[in-house]
Each structure stands twice: as C-alpha cells, then as structure tokens.
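There are 2 protein chains.
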Amino acid sequence: MSLNEVLDRIDADVNAATDRLLDLLRIQSVSTDPAYKAECEKAADWLVADLKSIGIDAEKRVTPGHPMVVGHVGQENKDAPHVLFYGHYDVQPVDPLNLWKTPPFEPQLEETENGTVIRGRGASDDKGQLMTFVEACRAWQAIHGSLPCRITFFFEGEEESGSPSLVPFMKEHAEELKADIALICDTSMVSRGVPSIASQLRGMLKDEFTLVGPRIDLHSGHYGGPGLNPLREISRIVASFYDEETGKIAVEGFYEGVKEVPEDQMRQWEGCGFDADDYLGNAGYTQAHGEKDRSILEQQWARPTLEVNGLWGGYNGAGSKTVIPSEAHCKITCRLVGDMDPDALRLKIRKHIEDRLKPDCKVVWDNDLEGSRASVMDITRPEFTAARGALSDEWEREAVFCGMGGSIPIAGFFKSILGMESMLIGFANEDDAIHSPNEKYDLKSFHKGIRSWARVLEALTQS
Amino acid sequence: MSLNEVLDRIDADVNAATDRLLDLLRIQSVSTDPAYKAECEKAADWLVADLKSIGIDAEKRVTPGHPMVVGHVGQENKDAPHVLFYGHYDVQPVDPLNLWKTPPFEPQLEETENGTVIRGRGASDDKGQLMTFVEACRAWQAIHGSLPCRITFFFEGEEESGSPSLVPFMKEHAEELKADIALICDTSMVSRGVPSIASQLRGMLKDEFTLVGPRIDLHSGHYGGPGLNPLREISRIVASFYDEETGKIAVEGFYEGVKEVPEDQMRQWEGCGFDADDYLGNAGYTQAHGEKDRSILEQQWARPTLEVNGLWGGYNGAGSKTVIPSEAHCKITCRLVGDMDPDALRLKIRKHIEDRLKPDCKVVWDNDLEGSRASVMDITRPEFTAARGALSDEWEREAVFCGMGGSIPIAGFFKSILGMESMLIGFANEDDAIHSPNEKYDLKSFHKGIRSWARVLEALTQS
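Sequence order for the protein chains is E and Y.
The UniProt record's numbering numbers the first residue of the first sequence as 1 and each following residue consecutively.
The UniProt record's numbering numbers the first residue of the second sequence as 1 and each following residue consecutively.
Calculated directly from the structure, the hints in this document are not laboratory data.
There could be a bad hint or two in this list.
Chain Y side only, calculated, beta carbon under 10 Å to chain E, not exhaustive [said to hold, decoys possible]: (1) F209; (2) Q287; (3) Q300; (4) D341; (5) S407.
Computed, partial: chain Y to chain E, Cβ under 10 Å [to be verified]: (6) Q75; (7) K78; (8) D125; (9) E160; (10) L201; (11) L218; (12) G227; (13) A288; (14) H289; (15) P359; (16) I408.
Every value quoted in this text rests on a predicted model; they were computed, and no experiment measured them.
Think of the CB as a built atom: it goes at the ideal place given N, C-alpha and C, for glycine as much as any other residue.
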C-alpha cells in the first residue's frame with residue numbers, strides 16, 4: 001500500500017474536508033441543555049450519512065439520552081489489527097453569548113497571526129478532531145478502496161454532559177465494541193507543533209449544592225443584622241475549601257490516593273516543550289496561582305483540583321434589591337489523579353460542608369452526580385511505539401508522551417468494561433478556547449491531523 | 001367637625017376602598033427594571049385621576065426617571081396646619097416568580113388564620129399604605145366637603161430603585177413642597193396590633209463590584225490548578241467582611257460614627273411589645289445570627305449591617321459546565337446608624353476589597369451608587385404627641401415610639417433640603433413579606449390604617 005498517495009489525496013481534498021466540517025459545526029448539538037435535543041439527533045444523523053458515504057456500515061443507536069453512532073468496516077479482514085475510534089459530536093453551551101465575536105454556530109475560516117483558523121463552537125472540541133480521523137479513512141478508501149485496519153467507529157453525544165448513557169450502552173454492546181485498542185482524538189498538543197500522546201488523564205467528580213436559610217427572601221431592612229444570609233454562608237464555605245498559605249485544598253483527606261510523579265517522568269515532562277509563558281499568557285495570567293510547591297505542568301497533569309464552576313443567589317438584575325435571599329447555589333467539579341476514589345471524595349467534600357453549616361441553614365444536594373477515576377496508559381505497548389513514530393514523521397519532531405489535565409472518562413470505561421487500552425492523540429492547541437467563547441481549531445491542526453491518522457493507521461498494520 | 005361621621009363613612013366604604021387598591025395593585029410598576037417604565041407612568045396617571053376625583057389639585061410631574069405625583073388641597077385655609085404626605089407607587093421586582101402562590105400582579109383577597117389579607121406585589125410596600133391616607137382624605141371630603149388641614153401630596157415612583165430623581169426634584173420645587181411636617185406611611189408596626197411611630201431609621205449604602213480574573217472563560221481541565229478562579233476569590237473576599245467569632249463586620253473603621261442607644265430608650269424599646277419569637281419564626285429562624293453581644297431589637301434598629309444581596313458568576317444552567325469563569329459579581333448594601341457617613345464608608349469597604357486582591361485579579365466598581373445617612377426624629381414636637389394619642393385611641397393600646405431597621409432616605413432629605421421633620425406612621429406587619437414572593441397587606445391594617453389617618457388629621461388640627 002502506498003501511504004504517499006493517501007497523503008497526497010488528503011492534501012488535494014483539504015478544502016472539501018473543511019467544508020464538510022463546517023456543515024457539522026452548524027448543527028447546534030449542545031448536549032447539556034434539553035432545548036437542543038433535536039440538534040443532537042441531527043448531528044448523529046449527519047455522521048451516520050457521512051460514514052456510509054465512505055463505505056462504513058454505520059447506524060444511529062437510540063439511548064435514554066442522546067443517540068450513539070456506531071459503525072464497522074473491514075471486519076472480514078481478520079489478520080488486520082482491530083481499532084475502535086471514539087469521538088463525541090456534542091458541544092458545550094455557548095454562554096456568555098455576548099463575548100463571541102462571530103455567531104458560535106455560524107462557523108467560518110479566519111486569518112490570524114498563527115495562520116488560518118476554523119472559528120465556531122465544537123471546532124476543536126470535538127467535531128474538528130473527530131473529523132480528522134474520518135477524513136483520513138475517506139482518503140484511504142479513495143486510494144485503496146479499503147482501509148488498512150478493522151475499524152469500529154463509536155461516537156457519543158453526551159460527553160459534555162457527563163455521558164449518562166455511555167456505560168449502560170457499552171455494557172450492553174460489549175462484544176460489538178471490543179477491539180485491540182481504542183483511539184481517541186479529543187486532546188491537545190502539549191505545545192504548538194509538538195505531537196503528543198496522552199500517558200495519563202485526570203478523573204472527574206461533579207457535585208452541586210444549595211444552601212437554604214430563611215424560608216422566604218427577606219427585606220434587609222427588617223432582617224439585616226439578626227438574619228442569616230445564605231450568600232454569606234456559601235462564601236464562607238467555598239473559601240474554606242482552600243488553604244491560602246499553601247494553595248492546597250483544605251478538605252480533610254482530599255489528597256488520599258494522590259501519587260507522586262516519578263522523577264524520570266517529571267524530567268521528561270519538563271523537557272517536552274511545554275511553554276509556561278504561552279500557557280499563562282493565553283489566559284491573561286502573569287503567574288500560576290495553585291499549589292506553591294508544585295510546577296505548572298505537575299499541577300495541570302498530576303495534581304487534583306476543586307473548582308467552583310458556578311455560584312449564584314439573590315438579585316442579579318438591573319439596579320439593586322435589598323434582599324436577604326432564601327437560597328444560595330454552587331456547582332463544583334474536582335479533577336482526580338492517581339487512585340483517588342470519586343465516591344469517597346464526594347463524601348469527604350459533603351462532610352466538609354455539613355460540618356460548617358450554622359443553625360437555621362441546611363444544605364440540599366443535587367442528586368444527578370457522576371465521577372470517574374484518573375487513567376494511566378500502558379505506553380510500553382507496540383501501538384504506542386508505532387503511533388509515536390508516525391506522528392514524529394508527520395510533524396518532523398519527536399512525539400512526546402505527556403499528561404493531560406482534562407478528564408476523558410471513557411478511557412477508564414474502555415479499560416474497566418472492555419479491557420481495552422486507549423491511545424489519546426489530539427491536535428488541539430492551548431489557545432483553542434474550548435468551552436469558551438470564540439472556540440477555534442487551527443486549519444493546520446485539522447490538515448496535519450488528518451495526515452497524522454493516515455500515518456498512524458499504516459503504522460499500526462506494521463506494529 | 002364630627003370625627004365619628006368620618007369614621008362611619010370609612011367603615012361603610014371599606015369594600016369600595018379595597019377595590020380601588022386592587023386596581024392600583026394590578027399596575028406592574030417595577031421601578032428598577034426599565035422594561036416596566038410604561039407601567040410606572042400608568043400608576044402615576046391612576047393616582048392623579050384618583051386625587052382629582054376627591055377634589056385635590058393633582059398633577060403628574062416629569063423627571064429624568066419615573067414621574068412624581070404632586071397635589072395640593074386647602075391651601076386657602078391659612079390657619080390650618082400644613083402637612084405633606086409622602087408615599088411611593090413603585091414596587092420591588094417579583095423574582096423569584098416561581099415562589100408566588102398567586103400571580104403578583106393579579107391581587108386578591110385571601111382568608112388566613114390572621115384574618116383577610118390583600119395578596120399581591122405592592123399590597124403593603126407601599127401602595128396599600130399610601131392609599132390608607134388617600135382614603136382617609138376621601139372620607140373627610142365626603143362628609144365635610146373639605147379637609148381639616150392644608151395637605152400637599154407627594155408620591156414618587158423610584159423609591160425601590162434609589163430615588164435618583166428625588167433630590168433634584170425637591171431642590172427645584174422646595175417652595176412648593178415645604179410644609180410644617182411630613183407624614184410618611186411606609187413602615188410597619190413593631191408588633192401585630194401595636195400602633196408605632198418611627199423615632200429613628202437606618203441609612204443605606206449600595207455598592208456593586210465585579211472581580212475579573214482570566215481574560216476569557218477557561219476549561220477547568222486545562223487551567224484547573226494553576227488558574228485563578230474569580231468565584232473562589234469573591235467567596236474569600238465576601239467571607240472576609242465578617243468576624244465569625246463576634247458576628248461583627250470586619251471592615252476596618254466600619255463602626256465609626258455608630259452611637260450607643262441610651263439606656264432609657266433601650267428600656268422603652270424592650271417594653272414596646274416586640275415579639276422576638278414571631279420575628280424569628282416569620283423568617284423560619286430559630287435564633288438570631290448577628291452580633292453576639294446585641295439584642296435583636298438593637299441589631300435591627302440601631303446597628304449597622306453589610307449584606308450581600310446578589311452573588312453570581314460561572315454556569316448556573318441545567319447540567320454542569322467545567323469552566324473557570326472570567327468574572328464574578330457581587331451586589332451589597334449596608335444599613336447605617338448614628339453619624340455613619342455613606343461616602344466615607346464606601347471608601348473603607350472598597351479599600352478592604354482592594355487590599356485583598358491577588359495578582360491577575362482586578363476589581364471593577366459599579367458607578368451607579370447612592371447613600372443616605374440614618375435619621376433620628378424630634379419626637380418632642382406637638383405633632384408626635386397628637387398623633388400618638390390618635391393612634392392609641394384607634395388601636396385601643398398605647399402607641400409606641402420605635403426604631404426602624406429599614407431605610408427611608410426621604411426622611412433625611414425632607415430635613416436637609418426642606419428643613420422639615422418627618423413623622424413615619426405605618427400599619428404593615430412583619431409577616432407582610434415585602435420585597436418577597438407572596439407579599440400581602442392585612443385588610444385590618446388597611447381599614448384601621450384609614451381610620452387612624454382620619455384621627456391623626458383631626459388631632460393635628462388641635463395640636
């Protein structure tokens with residue numbers, strides 16, 4: 001088989017590939033908000049049709065939530081390696097909408113100092129990355145009429161809303177989904193132009209609580225003074241999560257299960273081309289603000305967090321309102337590392353809060369919860385060596401094994417439910433503003449991402 | 001003149017008077033939200049028409065904000081005392097709407113264990129109270145074809161949104177508005193059935209600030225750890241306002257200008273029929289939560305506060321969003337006592353916040369601010385003695401001079417701009433839920449309130 005013909009085909013087809021991605025980006029598949037359910041269906045239908053157009057036996061599969069897309073190709077070719085490719089077609093909410101320079105669901109190409117970018121919600125997370133693999137397969141099919149591996153495609157539409165349907169679906173269809181290894185394209189490169197393979201991912205714990213004080217909103221003239229104010233209480237409790245001296249989380253037992261990074265690994269990380277000034281600068285920071293005795297890379301990849309993602313209560317409209325509100329609300333997420341157990345941690349955090357409640361103030365827990373443990377990959381497997389070589393060839397610099405600060409629970413589920421290792425290769429950049437206004441994906445990431453997958457598929461057949 | 005005929009007329013007319021109030025309550029005159037501007041105009045027009053219908057020379061007066069209503073009657077009667085009656089026709093916002101058992105602007109009569117109540121936004125604050133005086137005048141006119149005093153009516157539509165147009169208007173029309181004394185009906189009775197005259201009011205300071213951290217919303221997987229989170233920062237800063245040991249405000253110099261209550265005054269207060277269990281129970285509290293070394297009455301009437309009325313930032317929609325938001329917002333109000341200077345206090349609070357900002361976190365101040373000092377009335381004036389007697393007759397128990405926790409800046413403006421003392425007499429009850437969902441006004445307060453003003457008007461002519 002000639003890889004070069006495939007790569008040439010990819011180069012010749014890149015504009016058409018970009019147009020296909022723009023079509024997918026126009027679909028408003030926000031999974032966390034029920035108002036967009038029909039759009040999620042539409043995105044799934046779009047993917048089924050696109051996979052079928054390149055000869056893949058694909059179907060939309062119903063779940064209690066948003067549908068899955070499952071496709072198979074080359075299953076008859078028993079000697080070829082069998083890979084499962086995972087991606088997600090759902091996207092984050094777009095608020096605050098007023099901060100978008102262009103409408104989030106009217107994607108467009110834009111020239112920037114770093115070259116052409118594809119601007120729009122989901123451009124990077126994860127529609128653009130998902131399509132790098134699909135386009136690589138399209139080129140293989142076009143040149144060879146077949147693919148070099150047996151491939152199972154598995155796309156979900158609930159990744160941005162906690163994947164409630166994922167585990168039941170995987171358990172029910174375990175036999176169908178099993179492969180030698182899972183390929184996941186939902187991560188970023190450790191630094192611009194440095195091809196990266198994830199060797200570990202942080203886990204995730206979500207929780208939400210409401211503090212209830214007075215039985216109704218009160219007038220701050222009548223009750224200001226003697227009255228308990230839930231906004232004051234929630235501030236005190238959130239502040240108590242943190243030790244301002246050390247920058248550590250002050251919840252008792254929070255760091256149980258955290259593992260220290262081996263020195264050689266840390267040395268490799270520090271040498272992997274991560275640009276701390278870029279990283280801070282992209283966010284508008286002049287310095288790091290976390291644990292004072294840990295490096296930025298270590299904090300981002302190998303240390304746990306407790307972040308407040310939403311806090312609200314009382315009056316937030318125009319003008320002012322002299323109210324002592326009845327309720328205050330807080331959404332939090334934790335990133336987990338090592339052997340941290342999400343269920344045990346949830347109890348510790350809830351106890352921390354309950355231990356700090358005053359009389360006449362009660363806490364109500366949100367029950368729609370989930371947690372996922374951190375993942376550490378077995379990078380000694382031959383597929384990792386093969387992929388590393390293929391990526392190094394495409395990007396003309398040594399690919400690195402790096403940690404990832406994000407959480408991709410599915411990697412853990414592939415291992416625990418299907419006994420399958422995951423290899424995470426992504427082409428996003430730190431400045432892609434995923435989950436933020438003005439999300440983008442570099443055209444270079446998209447184009448070289450497609451070429452990278454073509455090379456990886458070939459390399460896997462030789463590993 | 002026969003007072004009894006007037007009182008009989010009031011009793012005979014109470015149902016019609018209630019219907020008139022229900023009409024006024026249907027007007028959605030929320031002043032703080034520009035969306036309701038037309039409704040505020042409508043309320044002013046309704047009042048002008050109603051005053052004219054009882055022979056008062058009334059007009060709507062344009063301001064840069066919502067209009068004033070000014071009316072005069074009996075000016076030819078130079079020997080009669082001259083009083084100004086003040087009330088406001090604007091109301092608080094109705095959110096959270098979902099907590100209302102009946103639509104806030106579809107007022108209705110409702111039977112409760114404490115008798116019949118008038119349910120709806122503004123029933124108590126201040127439309128119902130304002131109409132007690134108007135209805136008393138209507139009855140006087142009906143019986144005698146005239147009123148016992150010279151009366152100037154002065155209604156504003158911005159009381160719930162900081163009265164931005166009030167001071168300029170009073171200065172411009174000082175001559176027209178001057179009277180011997182101002183009567184204000186916007187306060188509550190110290191306890192159910194205990195007629196009360198305010199001897200002091202707390203002042204008010206409002207401020208609003210935004211903490212700005214990262215330049216955009218960030219992904220908590222990429223930046224969780226090293227990133228500064230404005231929600232964490234605002235929680236830490238709000239918590240720092242309070243000394244949890246003593247229950248006092250921890251802002252340096254906060255208590256400057258606070259006066260201790262004289263012992264005899266305190267004894268009178270403690271004996272004035274205030275029911276602490278009722279007060280706490282109405283809010284769903286089992287105990288007081290403020291300064292540990294002060295009584296509830298003292299905290300409510302004679303101690304300053306710093307309350308958070310609104311706190312928000314990040315994601316508060318359905319599901320969750322793993323975001324580190326760029327901004328966090330906070331609205332606060334302070335209640336002032338004694339000689340506390342709102343402008344000086346604002347600087348102290350802002351310094352407290354600025355002193356606690358971390359690098360990469362800046363504060364942005366809301367510029368639409370106002371402040372008002374506390375007021376202390378001269379209760380030795382004959383009008384206070386006369387009114388106290390009239391109220392005691394109507395309610396068949398000794399009327400009391402009490403403090404008030406609320407802020408009615410106009411009392412201070414009447415003194416500073418017009419050199420006019422204010423007498424605050426109100427018939428609201430603690431459980432009226434003003435500023436809250438399900439606001440109500442007892443029909444008894446409305447009926448006996450009208451009778452009370454008829455008696456006060458007559459008593460003033462004899463003082």
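Outcome of the hint check:
1. F209: violated (12 Å)
2. Q287: holds (6 Å)
3. Q300: holds (5 Å)
4. D341: violated (19 Å)
5. S407: This hint holds: S407/Y lies near chain E, its Cβ roughly 6 Å from the closest one there, short of 10 Å.
6. Q75: violated (35 Å)
7. K78: violated (38 Å)
8. D125: holds (8 Å)
9. E160: Check passed: Cβ of E160/Y comes within 8 Å of chain E, closer than 10 Å.
10. L201: holds (9 Å)
11. L218: holds (6 Å)
12. G227: holds (6 Å)
13. A288: holds (4 Å)
14. H289: holds (4 Å)
15. P359: holds (6 Å)
16. I408: With a minimum Cβ separation of about 9 Å from chain E (threshold 10 Å), the hint on I408/Y holds.
In terms of the numbered hints stated before, the structure departs from hints 1, 4, 6 and 7, listed from lowest to highest.
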